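Asker: Here are the chains, one letter per residue:
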Amino acid sequence: MLTNFSNVLRVCAQRNGAAAVVSARTYADFTTQATFEIKKCDIHKLDEAPATQVVMTRDEGLKYYRVMQTIRRMELKADQLYKQKIIRGFCHLYDGQEACAVGIEAGINLTDHLITAYRAHGYTYTRGGTVKEIMAELTGRRGGIAKGKGGSMHMYTKNFYGGNGIVGAQVPLGAGVALACQYQGNNELSVSLYGDGAANQGQIFETYNMAALWKLPAIFICENNRYGMGTSVERSAASTDYYKRGDYIPGLRVDGMDVLCVREATKFAADHCRSGKGPMLMELQTYRYHGHSMSDPGVSYRTREEIQEVRGKSDPISLLKDRMLSNNMASVEELKEIDVSVRKEIEDAAQFATTDPEPPLEELCNHIFYNDADLEVRGTNPWTTLKSVS
Amino acid sequence: MTASASLPNCISDWLKRPDLRIVPAFSLPEDRLNMAASVRCFLRSGKNAVSTLGQRGFHKSAPASAQMMVRDALNQAMDEELERDERVFLLGEEVAQYDGAYKVSRGLWKKYGDKRIIDTPITEMGFTGIAVGAAMAGLRPICEFMTFNFSMQAIDQVINSAAKTCYMSAGRQSVPIVFRGPNGASAGVAAQHSQCFAAWYAHCPGLKVVSPWSAEDAKGLLKSAIRDDNPVVFLENELMYGVPFEMSEESQSKDFTIPIGKAKVERQGTHVTVVTHSRYVSHCLDAAAVLAKEGIECEVINLRTIRPLDVETIEASVMKTSHLVTVEGGWPQFGVGAEICAMVMEGPAFNFLDAPATRVTGVDIPMPYAKILEDNSLPQIKDIIASIKKTLNV
Numbered sequence: 001m002l003t004n005f006s007n008v009l010r011v012c013a014q015r016n017g018a019a020a021v022v023s024a025r026t027y028a029d030f031t032t033q034a035t036f037e038i039k040k041c042d043i044h045k046l047d048e049a050p051a052t053q054v055v056m057t058r059d060e061g062l063k064y065y066r067v068m069q070t071i072r073r074m075e076l077k078a079d080q081l082y083k084q085k086i087i088r089g090f091c092h093l094y095d096g097q098e099a100c101a102v103g104i105e106a107g108i109n110l111t112d113h114l115i116t117a118y119r120a121h122g123y124t125y126t127r128g129g130t131v132k133e134i135m136a137e138l139t140g141r142r143g144g145i146a147k148g149k150g151g152s153m154h155m156y157t158k159n160f161y162g163g164n165g166i167v168g169a170q171v172p173l174g175a176g177v178a179l180a181c182q183y184q185g186n187n188e189l190s191v192s193l194y195g196d197g198a199a200n201q202g203q204i205f206e207t208y209n210m211a212a213l214w215k216l217p218a219i220f221i222c223e224n225n226r227y228g229m230g231t232s233v234e235r236s237a238a239s240t241d242y243y244k245r246g247d248y249i250p251g252l253r254v255d256g257m258d259v260l261c262v263r264e265a266t267k268f269a270a271d272h273c274r275s276g277k278g279p280m281l282m283e284l285q286t287y288r289y290h291g292h293s294m295s296d297p298g299v300s301y302r303t304r305e306e307i308q309e310v311r312g313k314s315d316p317i318s319l320l321k322d323r324m325l326s327n328n329m330a331s332v333e334e335l336k337e338i339d340v341s342v343r344k345e346i347e348d349a350a351q352f353a354t355t356d357p358e359p360p361l362e363e364l365c366n367h368i369f370y371n372d373a374d375l376e377v378r379g380t381n382p383w384t385t386l387k388s389v390s
Numbered sequence: 001m002t003a004s005a006s007l008p009n010c011i012s013d014w015l016k017r018p019d020l021r022i023v024p025a026f027s028l029p030e031d032r033l034n035m036a037a038s039v040r041c042f043l044r045s046g047k048n049a050v051s052t053l054g055q056r057g058f059h060k061s062a063p064a065s066a067q068m069m070v071r072d073a074l075n076q077a078m079d080e081e082l083e084r085d086e087r088v089f090l091l092g093e094e095v096a097q098y099d100g101a102y103k104v105s106r107g108l109w110k111k112y113g114d115k116r117i118i119d120t121p122i123t124e125m126g127f128t129g130i131a132v133g134a135a136m137a138g139l140r141p142i143c144e145f146m147t148f149n150f151s152m153q154a155i156d157q158v159i160n161s162a163a164k165t166c167y168m169s170a171g172r173q174s175v176p177i178v179f180r181g182p183n184g185a186s187a188g189v190a191a192q193h194s195q196c197f198a199a200w201y202a203h204c205p206g207l208k209v210v211s212p213w214s215a216e217d218a219k220g221l222l223k224s225a226i227r228d229d230n231p232v233v234f235l236e237n238e239l240m241y242g243v244p245f246e247m248s249e250e251s252q253s254k255d256f257t258i259p260i261g262k263a264k265v266e267r268q269g270t271h272v273t274v275v276t277h278s279r280y281v282s283h284c285l286d287a288a289a290v291l292a293k294e295g296i297e298c299e300v301i302n303l304r305t306i307r308p309l310d311v312e313t314i315e316a317s318v319m320k321t322s323h324l325v326t327v328e329g330g331w332p333q334f335g336v337g338a339e340i341c342a343m344v345m346e347g348p349a350f351n352f353l354d355a356p357a358t359r360v361t362g363v364d365i366p367m368p369y370a371k372i373l374e375d376n377s378l379p380q381i382k383d384i385i386a387s388i389k390k391t392l393n394v
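These protein sequence lines map, in sequence, to chains W and H. Here the first sequence is numbered in UniProt numbering, starting from 1 and rising by one per residue. Here the second sequence is numbered in UniProt numbering, starting from 1 and rising by one per residue.
These are computed hints drawn from the structure, not numbers from a lab. None of the values given here were measured: they were computed from a predicted structure.
Here are the simulated DMTMM-like pairs of lysine to aspartate or glutamate, each with C-alpha atoms no more than 20 Å apart in a straight line:
#	chain 1	residue 1	chain 2	residue 2
1	H	Lys110	H	Glu80
2	W	Lys277	H	Asp114
3	W	Lys45	W	Asp241
4	W	Lys45	W	Asp247
5	W	Lys387	W	Glu362
6	W	Lys85	W	Glu347
7	H	Lys164	W	Asp372
8	W	Lys83	W	Asp348
9	H	Lys264	H	Glu312
10	W	Lys336	W	Glu60
11	W	Lys63	W	Asp29
12	H	Lys262	W	Asp372
13	W	Lys215	H	Asp114
14	H	Lys262	W	Asp374
15	W	Lys215	H	Asp119
16	H	Lys262	W	Glu376
17	H	Lys110	H	Asp79
18	W	Lys267	W	Asp42
19	W	Lys215	W	Asp271
20	H	Lys264	H	Glu297
21	H	Lys164	W	Asp374
22	W	Lys215	H	Glu93
23	W	Lys387	H	Asp310
24	H	Lys164	W	Glu363
25	W	Lys132	W	Asp339
26	W	Lys387	W	Glu376
27	W	Lys244	W	Glu48
28	W	Lys387	H	Glu312
29	H	Lys382	H	Glu294
30	H	Lys164	W	Glu362
31	W	Lys277	W	Asp47
32	W	Lys132	W	Glu345
33	H	Lys111	H	Glu80
34	W	Lys387	H	Glu346
35	W	Lys158	H	Asp229
36	H	Lys164	W	Glu376
Here chain W stands alone, though its shape is the one from the complex (with noise of 0.2 Å):
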C-alpha cells in the first residue's frame, strides 16, 4: 500500500500537471472524491466566470475515463477499418477531442437535446448509442444506428439530430430544437456544435440574432481544433475569439482538453439558458490528431511537433488519468482493467460490424416518408418498379 502511494508521489512529481487540492483521504480506500483547480475560463459580456474550484467523484472520474478511452479506441479502430477499406466515403475522427463530448454530457441532461456537425461519432456515443451501432453505421451493415442508410455523417439517438454534412446548417436547427424546447415549455435546452471553420458562416450570425432575440434556450458551443480541414484559424477568420462572435450573446472560451472545464462551463451556460436568459456562446479550445478527414494525413498543414506536443502535454484522457491517480481516487490496474475492458468491447463491436449483412435490397427505397401509405419508385429504369415502405 505505501509503496503504492509513494509509486503515486513520484508519478506526480514528474508530470507538470494541474495543481490538486487534495481532501482527506484514507489510505486502505480510494478517495472519493476531489476538488481540483481548473483553467479560468476568459468571459464576454458576463460578470462572473464559472467556478475555478471543483469537485470531481472518483465514479465520475471513472465514468468520464471509460467514456473518454471508449471513444479514442472507437475512432482509432475506425482508422484502422478505413485503411482497410472496410469503411468507405467520409470518416472524420474526433480522437483528441474526447473531452468536449464527455464534459458537455457532464453538464446537461440526456434529456436536453444537442446536434453538431460530421465529426459526430463521439457524441453518438455519449448521446445513448452503442459502439456496435456505431461501427456497423460506419461499414454501411444493417445493424447500424441508422441500418447503413447514413453512414458516418448521419447517425441519429433520441434528442440527438445527428450528424450533419452541411457545414454550419446543423446551428439554425439546433437553434429550432430550443425553439421547440421553449414553445412546449419543458425547461430542456438545446446545445448546437460546430467547428471553427463554420463560425465564420452567416447562417450561425442568423441564428445568433433570432436566438437572442426571442431568448432561446440555446447553448451554441464552437470546437475549435485550430484548423478548418487545411486553413488554419489565422487564414480564415479576421477575429479569432470565436467566444466573442456572437456580440450581444455572452460567451466563454473553454480549455477543451480538460473534461473539468468543459463541464462547468456547460453546467454555466445550461443554468443561464434555463433561467430564461437566453442563449449562451461557448468556445472549447480543443485539438484533433488526425487530419481533417481520413483522406487528409492532417501534417501538410501544420507539425508533426505540434500534434506530438498537445499529445505530450494535453491529452484530455491523460489528464484525467494524472488527476485520478495522484489523488489517489485509482489504481494504475483499475484502469488498465477499463482499459482491457473497453478494447474488448471495441473489439466485439468490430468483429459484429465486419460480419454484420449488409442492408436487404428490398430496404433500398424504404424510410423516404414517415408514416405514410406505401408507395411505388422508380427504378434506374422504366420497367423496375420497387416498393418504398415507411
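Assemble chain H onto chain W, guided by the hints.
Answerer: Relative to chain W, chain H alone:
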C-alpha cells in the same frame, strides 16, 4: 345577384360588380379585368355564366352556399389547423403584425398571439433552419416564404435538412413541416421575383410538392399538408389570392382535406387531355370553353400535386383522348411538362397517342418587366388554343 351578360369594358363596369370587387395585392387593373372575366365563367348555381368566352358544361355539385377567395381559404385552413393542434405554428416575414405580406395570415396573430404566429427577421436561411429544427423536435411548423424566390437562400435547409433526413435516419427522424408561399410569376415584378420552383422542388425525393388552383384546392390541400408528417412544399400563386370560387358544402367542414397525390379532372372531354396546375387551370378552362364552340372537347386535368405526380389519372385520360398537351408557367427545360411527357412515354398510354405530346410553357427567358414583354413571356389563352389545335392537327 344576377350576372351581367357583358364583359366589363372598363374599370367602372368591373367596380359595379361587388362580387368581383376583390383587390389582389399587386395586380394591374387589366389583370383584374382578365381575372374577373375568367372568374365569371366559374360562378354557377343560378348565375347564367354567359360571357363572350362561351358556355361550359360544369359538373354541378350540391348547392353551394359560400364563395371564398383563395387567400381566405388558405387563411381558414391555417386557422383551423392552428386550433386543432397546438403544435402547429406559423413563422415567416411579416406574417404576424403585418397580417401577411399578401394578407394570407390576416387575423391569425390577433387570435393566436406571439407564441404561434412568429415574425422573423429577413434571414431565410436562418429561420428556415430554425423551422426545420423545430419540426425535428416535435412541433409542426408552417414556414412561409414571402415568395419562393427567397427560398433559394434557404434551399439547403429545405432539401438537405428537411427532405433527406427521414431517409438518412432510416425512418427515425421525421420532419413534419410545410413550406408555403407564392410561386411563379406575379405582375410586373420582373426577373428576380417571378421564377417558378415547381420543377426544382419536385425533382427531389423526400419532398411532397403541392400546387393548388381553386379555393377548395387551397383549403383542402393546405390542411392535408399541415397534417402530413413529412416536408411539403406548398406552391401558391399571388395572382390567384384574390380570385373567388364557390366552396362546396363538403369543403366548409373543419375536417375537409384533399389527398396529396391525386389530380382532379376539372372538365371532361374526349379529344385532347390538357394537363396543368395552379393559375393555368383557369387559362385552360377558358381555352376549353372557346374550343368547345368549335366542337373540340378538352379534358382539363388540374394536377393539384406535382410530386408525387398522379400519372394514372393522366394516363387514363390520354388513353381516352389520344392527345396530350401540358400547360405551365415555368420554363420548358427539365420542367413539369417535360416530366409528364417522359412518364407518359414510359407507360401504357404512349401507344394510344396519335401525336407527340405538346408542352406549353413560359418562354425560356428571365422575366422581363415591360407589360407587353411580360404578357408575351407566359402562356396566354390564345397560345393554349393554338397548341391544342396543332396537336390535333386542325
